[in-house]
Amino acid sequence: MNHLLEIKDLNVIFHIFGADVQAVRGISLQLNKGETLAIVGESGSGKSVTSKAVMGLIPNPPGEIATGEILFEGRDLVKYSKKQMQKVRGKEISMIFQDPMTALNPTMKIGKQIMEGLIKHQSLSKHDAKKRAIELLQLVGIPNPEKRVDEYPHQFSGGMRQRVVIAIALACNPKILIADEPTTALDVTIQAQILDLMRDLQEKTGTAIILITHDLGVVANLAQRVAVMYGGKIVETGTLDEIFYNPKHPYTWGLLSSMPKLHAKTDKLLAIPGTPPDLSNPPKGCPFAPRCPHAMKVCTEHMPAYTELSATQKAACWLLDERAPKVDPPTTIGVGGES
Amino acid sequence: MIRYILKRVGYMIVTFYVVITLTFLAMKMLPGTPFKFANRLSPEQLNQLKHYYGLDQPIPIQYLHYLWNFIHGNLGGSFQYGMQPVTEFLFQRFPISLQLGFESMIFGTVLGIFLGIVSGIYRGRFLDWGTVTLAVVFISIPSFIFAAILQYFFSVQIRIFPVIGWSGPMTHVLPVVSIGVGVMATIARFMRTEMVEVLNQDYIVTAQAKGLSTNAVIFRHAIRNAMIPIVTVIGPLTSAVVTGSLVIENIFAIPGIGSQFVDAIVTNDYPMIMGTTELYAGLFIVTILIVDVLYGVIDPRIRVSGGKSI
Amino acid sequence: MTAKSNAEVTKELFVPAYLSDTESEKISGKSVSAWKDALRRFLTNKGAMLSMIILTVIILLALIGPHIFGYDIDNQDVSRANLPPKIEGLTWLPAFSGYENGVDIYKEKNISKNYWFGTDQFGRDLWTRTWKGTQISLIIALIATLADVLIGVVYGGVSGYFGGAVDNALQRILEVIAGIPSLVWIILLILIMQPGLITITIAILATSWLSMARIVRGEMLKLKNQEFVLASRTLGAGDGRIIFKHLIPNSLGMIIINTMFSVPNAIFFEAFLSFIGLGIRQPQASLGSLINDGYQMLQIHPYQTLYPGIIISLLLICFNIMGDGLRDAFDPKLRR
Numbered sequence: 000m001n002h003l004l005e006i007k008d009l010n011v012i013f014h015i016f017g018a019d020v021q022a023v024r025g026i027s028l029q030l031n032k033g034e035t036l037a038i039v040g041e042s043g044s045g046k047s048v049t050s051k052a053v054m055g056l057i058p059n060p061p062g063e064i065a066t067g068e069i070l071f072e073g074r075d076l077v078k079y080s081k082k083q084m085q086k087v088r089g090k091e092i093s094m095i096f097q098d099p100m101t102a103l104n105p106t107m108k109i110g111k112q113i114m115e116g117l118i119k120h121q122s123l124s125k126h127d128a129k130k131r132a133i134e135l136l137q138l139v140g141i142p143n144p145e146k147r148v149d150e151y152p153h154q155f156s157g158g159m160r161q162r163v164v165i166a167i168a169l170a171c172n173p174k175i176l177i178a179d180e181p182t183t184a185l186d187v188t189i190q191a192q193i194l195d196l197m198r199d200l201q202e203k204t205g206t207a208i209i210l211i212t213h214d215l216g217v218v219a220n221l222a223q224r225v226a227v228m229y230g231g232k233i234v235e236t237g238t239l240d241e242i243f244y245n246p247k248h249p250y251t252w253g254l255l256s257s258m259p260k261l262h263a264k265t266d267k268l269l270a271i272p273g274t275p276p277d278l279s280n281p282p283k284g285c286p287f288a289p290r291c292p293h294a295m296k297v298c299t300e301h302m303p304a305y306t307e308l309s310a311t312q313k314a315a316c317w318l319l320d321e322r323a324p325k326v327d328p329p330t331t332i333g334v335g336g337e338s
Numbered sequence: 000m001i002r003y004i005l006k007r008v009g010y011m012i013v014t015f016y017v018v019i020t021l022t023f024l025a026m027k028m029l030p031g032t033p034f035k036f037a038n039r040l041s042p043e044q045l046n047q048l049k050h051y052y053g054l055d056q057p058i059p060i061q062y063l064h065y066l067w068n069f070i071h072g073n074l075g076g077s078f079q080y081g082m083q084p085v086t087e088f089l090f091q092r093f094p095i096s097l098q099l100g101f102e103s104m105i106f107g108t109v110l111g112i113f114l115g116i117v118s119g120i121y122r123g124r125f126l127d128w129g130t131v132t133l134a135v136v137f138i139s140i141p142s143f144i145f146a147a148i149l150q151y152f153f154s155v156q157i158r159i160f161p162v163i164g165w166s167g168p169m170t171h172v173l174p175v176v177s178i179g180v181g182v183m184a185t186i187a188r189f190m191r192t193e194m195v196e197v198l199n200q201d202y203i204v205t206a207q208a209k210g211l212s213t214n215a216v217i218f219r220h221a222i223r224n225a226m227i228p229i230v231t232v233i234g235p236l237t238s239a240v241v242t243g244s245l246v247i248e249n250i251f252a253i254p255g256i257g258s259q260f261v262d263a264i265v266t267n268d269y270p271m272i273m274g275t276t277e278l279y280a281g282l283f284i285v286t287i288l289i290v291d292v293l294y295g296v297i298d299p300r301i302r303v304s305g306g307k308s309i
Numbered sequence: 000m001t002a003k004s005n006a007e008v009t010k011e012l013f014v015p016a017y018l019s020d021t022e023s024e025k026i027s028g029k030s031v032s033a034w035k036d037a038l039r040r041f042l043t044n045k046g047a048m049l050s051m052i053i054l055t056v057i058i059l060l061a062l063i064g065p066h067i068f069g070y071d072i073d074n075q076d077v078s079r080a081n082l083p084p085k086i087e088g089l090t091w092l093p094a095f096s097g098y099e100n101g102v103d104i105y106k107e108k109n110i111s112k113n114y115w116f117g118t119d120q121f122g123r124d125l126w127t128r129t130w131k132g133t134q135i136s137l138i139i140a141l142i143a144t145l146a147d148v149l150i151g152v153v154y155g156g157v158s159g160y161f162g163g164a165v166d167n168a169l170q171r172i173l174e175v176i177a178g179i180p181s182l183v184w185i186i187l188l189i190l191i192m193q194p195g196l197i198t199i200t201i202a203i204l205a206t207s208w209l210s211m212a213r214i215v216r217g218e219m220l221k222l223k224n225q226e227f228v229l230a231s232r233t234l235g236a237g238d239g240r241i242i243f244k245h246l247i248p249n250s251l252g253m254i255i256i257n258t259m260f261s262v263p264n265a266i267f268f269e270a271f272l273s274f275i276g277l278g279i280r281q282p283q284a285s286l287g288s289l290i291n292d293g294y295q296m297l298q299i300h301p302y303q304t305l306y307p308g309i310i311i312s313l314l315l316i317c318f319n320i321m322g323d324g325l326r327d328a329f330d331p332k333l334r335r
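Protein chains in written order, with numbering that gives the first Met the number 0: chain A, 0 to 338; chain B, 0 to 309; chain C, 0 to 335.
Worth flagging that the hints you see were computed from the coordinates, not collected in a lab. All C-beta atoms, glycine included, are put in the ideal place defined by N, C-alpha and C. Any given hint might turn out to be false.
To be verified - Label pairs and their computed distance ranges (CB to CB):
1) B:Pro254 <-> C:Gln281: 25 to 31 Å
2) B:Ile4 <-> A:Glu72: 54 to 60 Å
3) B:Pro168 <-> C:Arg280: 38 to 44 Å
4) C:Leu149 <-> B:Leu293: 32 to 38 Å
5) C:Leu149 <-> B:Ile105: 39 to 45 Å
6) B:Tyr121 <-> A:Glu72: 32 to 38 Å
Start from the sequences and build out the full structure, keeping to the hints where you can.
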């Protein structure tokens, strides 16, 4: 099968203070045309680094892609030169960021910030680029675009700025849109609007989306497939339904349990105890073992291989080995509340 | 914005009034007489002189008199130069000092911004390390020591530049460099910090994610944002340049107000000291005002919201 | 994937491993207090450490130096005037050979003693005068800085902590004072009082406390509205407890950094004033007045300016680098 984007055994290392932090440790992913893939995990799990690697935006130094391939339409982006990568960024793959308050240049007019990419990639004249910028602002639902195109970012609210950021990202009709925590910094009501907008735009443009988030509510809203990351590795992938209704990895269980539920019987928030591993000295076994309630001796010693559970779902956990004791998922993972 | 400027002008006038009052009071409290050969004069002659200059009247009267004259642009006459009006000296000498100051400022700012940008971009590399080290050294060494070194090597030893004087471009080099390196170092450091900070901002990543070239990111997005705060150091730098010009003008025998001021201090030439002090204060106050307004003009965030809170 | 071949994975390993809470709650990476962290970073800053060593040497020499040869600061003897520096054992270095323009001045004047930094036009030993001058420069800087910290912290602290009308009034006063160039201030003050050690100290102090007051006020304003202070207040802490337990410890870093920059500033102004003839009077010496004296002779006897010039430059550079080092050590923004 030909994927739009295929990541193969990607390793990203940051050389910081004499230590090598292995932020991403051999992950493989596929993204198909027009679909939405969510990468879920807590802070430091390597999900943002993965997205930056795809964009070729790993700051070097201190970071580097140690090994692996990022195949975009069959071409390996890791091997691309700086110049070649510039032609991919913004045109084929673009990105929206977590904090709309800081993602826009404060001293440049909104219109100009949208036009920059258009002029670079589509060789539009200034006049045409501005016309297109106004159209884009209209598309992302900014009222009065003719007037607002000449305003500065600080004249926009947070939600409006995120719409502008999306307009910048979509300016050149990219094939892939990477959304790094696109709603985290926004108010809940605005979050819903932005998610609606993204779904809407995806229908209109057919762009594939990689959604980076720790918010399972957002995932449920937007994604078709989910990859769960922990400690620089993908511990489980599957379709949205598989991950939400038939999760196999204890970390996924933990994530689902810790999601606040509207109709839950208890008023207690469930947390996963402990802290993520130190990736400058990664554990030799399963990274989740120290926090896993079902951890066995084998877990701390050996990294489990993936067990294929269906054509679309696989998980890396020793519990799935036939020699392991049978463990049932906790009852707290029931999906409720969110749509 | 206009209200903001008016408010600032108001403050400026108050500050200036305080300065001229303080100078007046300070002069009244000064020890020593302002007259040459005072010890050779008889008490009657001295009294006559004091009467002539109005120094025998009560201080409040003298003060009002002084203010009245000040408003009419009369700063009195120099005691040392046969009552020639102080303003005449200032008018004649100020342009020279202004030129020296401007040249030093331009020299330092242009070089400093350039070094700062380069240093910020190549953060952590050798070039950056060199700039940072050089900047600390140039900020630290007093301009008069630097001037002495330059003068000794370039004028006395290898005789490229004239030792003293202010006539023709060659005479400008050493004084301008002596004052300018401090400006350069300050601006380079400041610019570097700003550059490093701006390059870490999210909007730089946004610009990169658009596929812009490194040059476009740096020139269009980073430098402009990093340069805006530079305006804020111009005030303190003006003060430093004025301080520097006092000694530098003396060292290179430049006929500006700096060397005049030092002379006046040594000879107790009260009106001259007062006049020069007021000129310096005025210059400083106006610079600060211009800088504040300029900051508002070039930063769109302040331009619209109308003034920053200080 | 790094999965091991199944041969290594034996059945026995599939037993639950009960991990204690301490294991799962273990924080990866050491926890370090902010102060220790700052100190560690300061100590690993090579430039700052080198500066500290140089400063220590200069301070020691300033204390010991004047007593080595038993000269007084004002021991004049025209027969040994304008001798270039000579150090026995270092005579192979042109700078310490006792030669000037190819002539052995010591031989010419028939002098057997060595003058390490040479002598001035009155035959005063420049080694003694230079270190004595360093002493005076340092004393002025020290007193000015201590007073500046005291006044600045109190003024800024009161202004920032109490805020409102008090703050408003204090800030207007400060604005007017800051509107006058510090140079004008200093010169006026020195003219009124007679030039001398105390006058210079007061004059420098008169302007240097402003920046300290501003910084402390800024810190107070920032800190007093932060959650941890509000939390403390909700728990019933009084003004005193908040000031001494929260505000001062948290602004101490900024105060220390600013103090580090006040010192070179004071040293510079003293030298500057002495250089234009408003500073220390003869026969007293400070680094500035020595440079001024030597400067008159620059073209004939450059060594007379050289050593005071080097020492003051070293002092200023080292204090500035140490200040930078402290700022980097305390600035959490650089902790990335």
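Practice task
For B:Ile4 and A:Glu72, compare the CB-CB distance with the range 54 to 60 Å and indicate the outcome.
Solution key: Check passed, 57 Å falls within 54 to 60 Å.
Exercise for the section: Check the following: the C-beta atoms of B:Tyr121 and A:Glu72 are separated by a distance inside 32 to 38 Å. Expected result: Hint holds: Cβ distance 35 Å, inside 32 to 38 Å.
Handout entry: Outcome for the supplied range 32 to 38 Å, where the beta carbon pair is C:Leu149 and B:Leu293
Key = 36 Å, holds
Handout entry: Whether the CB-CB distance between B:Pro168 and C:Arg280 falls inside 38 to 44 Å
Key = 40 Å, holds
Practice task
Just tell me: holds or violated, for the beta carbon distance of C:Leu149 and B:Ile105 against 39 to 45 Å?
Solution key: 40 Å Cβ-Cβ, so the 39 to 45 Å window holds.
Practice task
Evaluate the given range 25 to 31 Å for the C-beta pair formed by B:Pro254 and C:Gln281.
Solution key: 28 Å, holds
In terms of the numbered hints stated before, the structure departs from none.
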